[in-house]
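One-letter residues, chain by chain:
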Amino acid sequence: MAEDHDRIEELLAGYVLLGLSGEDAVEADRLLSEHVPSCPRCRDAMAGFQAVAGDLALAVSPAQPPDLVLPRIRRGVAESPVRRRRASLVAVAAGVAAIVGLAGLTVQLGDRVSRTEQQRGRLLAAMEALQQPGTSPVSLESQGQTATGLVEVSGPGLQRMYVIGRDVPMPSPGRVYQLWLGTNGTFVRVEDGGFVPEDGLVLLELTVDTGRYDEILVTEERIGDAPANPSHLGHTWHAFLAQPQAA
Amino acid sequence: MQGDDRLDLELHRRVSMGDGQAFEGLYRRYAPAAYGLALRVTGQDSLAQEVVHDAFLALWRAPEAYDPGRGPFRSFFLSLVHHRAVDTVRREERLRKRAERASNLERGPGEDVAEEVVEDAYLSTRRKEVREALQTLPPEQRTVIELAYFGGYTQAMIAEELGIPVGTVKTRTLAAMRKLRRALYRED
Ligand SMILES: [Zn+2]
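For the protein sequence lines, the chains are A and B, in the order given.
When we follow this note's numbering, the leftmost residue of the first sequence carries the number 1, and every step to the right adds one.
When we follow this note's numbering, the leftmost residue of the second sequence carries the number 1, and every step to the right adds one.
Read the hints as simulated data drawn from the structure, not as lab findings.
Note that this is a predicted model, so its numbers are computed, not measured.
Here a beta-carbon is modelled for each residue, glycine too, at the ideal position from N, C-alpha and C.
Wrong hints could be hidden among the right ones.
[What the hints assert, rightly or not] According to the in silico footprint, chain B covers these stretches of chain A (three or more CB under 8 angstroms from chain B):
no.	segment
1	53–67
2	213–219
[Said to hold, decoys possible] Computed beta-carbon distance windows for the label pairs:
no.	chain 1	residue 1	chain 2	residue 2	range
3	B	D5	A	P66	46 to 54 angstroms
4	B	A121	A	S80	29 to 37 angstroms
5	B	K128	A	R212	40 to 48 angstroms
6	B	G69	A	D4	38 to 46 angstroms
7	B	E161	A	R75	20 to 28 angstroms
8	A	V26	B	R6	35 to 43 angstroms
9	A	S80	B	R131	31 to 39 angstroms
10	A	S80	B	R28	35 to 43 angstroms
11	B	E140	A	E215	49 to 57 angstroms
12	A	V26	B	E10	35 to 43 angstroms
13	A	T183	B	A121	34 to 42 angstroms
14	A	R30	B	R182	26 to 34 angstroms
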């Protein structure tokens, strides 16, 4: 790839220190979605700089927060929505080496051994879903960049939806991806629908009556925020869902 | 992987399942580091408290934002705190003079108040290594890192502050980050 790596690394170093602005920030964003995910050298540089940035925090002496901070946090925890088992919605580990091909959809998984049986189970379930009659994979269109894709898979009577992707860039620091479902142009945030890709891979499974929704959206949101409406910062993907025939 | 990293991973895994005790375990481990950092970057108690509060609640509400495949929990969480602190200071920038913050920056890392904190041994060991690594940088490189990281300055602001071209800020930053990386992760 004909990119100037010293220049890229300058941008990445500035990026992890939150020091970029203007054109540099735009350029870094472009590199992070188009180049870095598929370039081992840049991924390595990025990981190294991020680790340094995390540890730089330790150069400052620790200080005990005032006693009132923890009770305030506890109140926040108590007011947070009841938590479900999140295990059902996490990025799948780069697992079993497999290629799933159907209706133009190709999902290629890496070669690391799957971390848990559960993730393997989800992968198998997604593959099974793909083979059911009437299942319709839908490509989510990335807005602003074209290098990476997400695909939605659902089918009549399935009551489940899968979102699958590879080479998905990491969201900006301090943000996660958030899944939204839309009806007639109004989006609802999928509770617990925040995720980050793992080694660029995404495999989400959610239990949902897909017939109720006609659009799907993935946005970047600040970690821990629970916005009522999608923000349109950073990477976003969108698709209209195929209307399933009544079973 | 070190034992302490493994303990963090276990606590994080439990937080992901909604375990409040594990969450408080992570609070006890990281609140002093988080608060010290937030205090340094924002320069104000009330803002630092807000940063720590928001960062821990963000962790509770979206634990999946941490991907164990991408390095230690410590790096992830302290970066999250740093990010919020810089956001806060940039928001406040509009409300207060830069000069006030500049005077706050004159304290070098490690010279802050509130040394009376009991901290896990592994964190204080790491702390020593990080400070030593910073000390090995040539002063002009250390300055750009400190202005960016602890001051929340953009590279353009640093160039203006120091009266040097932005390109120089970029090369110094890269040189410093590469050195720090080699110093802190040489065994990896
Ligand atoms: Zn590269």
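Against the structure, the hints come out as follows:
no.	hint	result
1	53–67	holds (count 14)
2	213–219	violated (count 0)
3	D5/B <-> P66/A: 46 to 54 angstroms	violated, 29 angstroms
4	A121/B <-> S80/A: 29 to 37 angstroms	holds, 32 angstroms
5	K128/B <-> R212/A: 40 to 48 angstroms	violated, 57 angstroms
6	G69/B <-> D4/A: 38 to 46 angstroms	violated, 29 angstroms
7	E161/B <-> R75/A: 20 to 28 angstroms	violated, 40 angstroms
8	V26/A <-> R6/B: 35 to 43 angstroms	holds, 39 angstroms
9	S80/A <-> R131/B: 31 to 39 angstroms	holds, 36 angstroms
10	S80/A <-> R28/B: 35 to 43 angstroms	violated, 20 angstroms
11	E140/B <-> E215/A: 49 to 57 angstroms	holds, 52 angstroms
12	V26/A <-> E10/B: 35 to 43 angstroms	holds, 40 angstroms
13	T183/A <-> A121/B: 34 to 42 angstroms	violated, 54 angstroms
14	R30/A <-> R182/B: 26 to 34 angstroms	holds, 28 angstroms
Against the hints set out earlier in the document, violations occur for numbers 2, 3, 5, 6, 7, 10 and 13.
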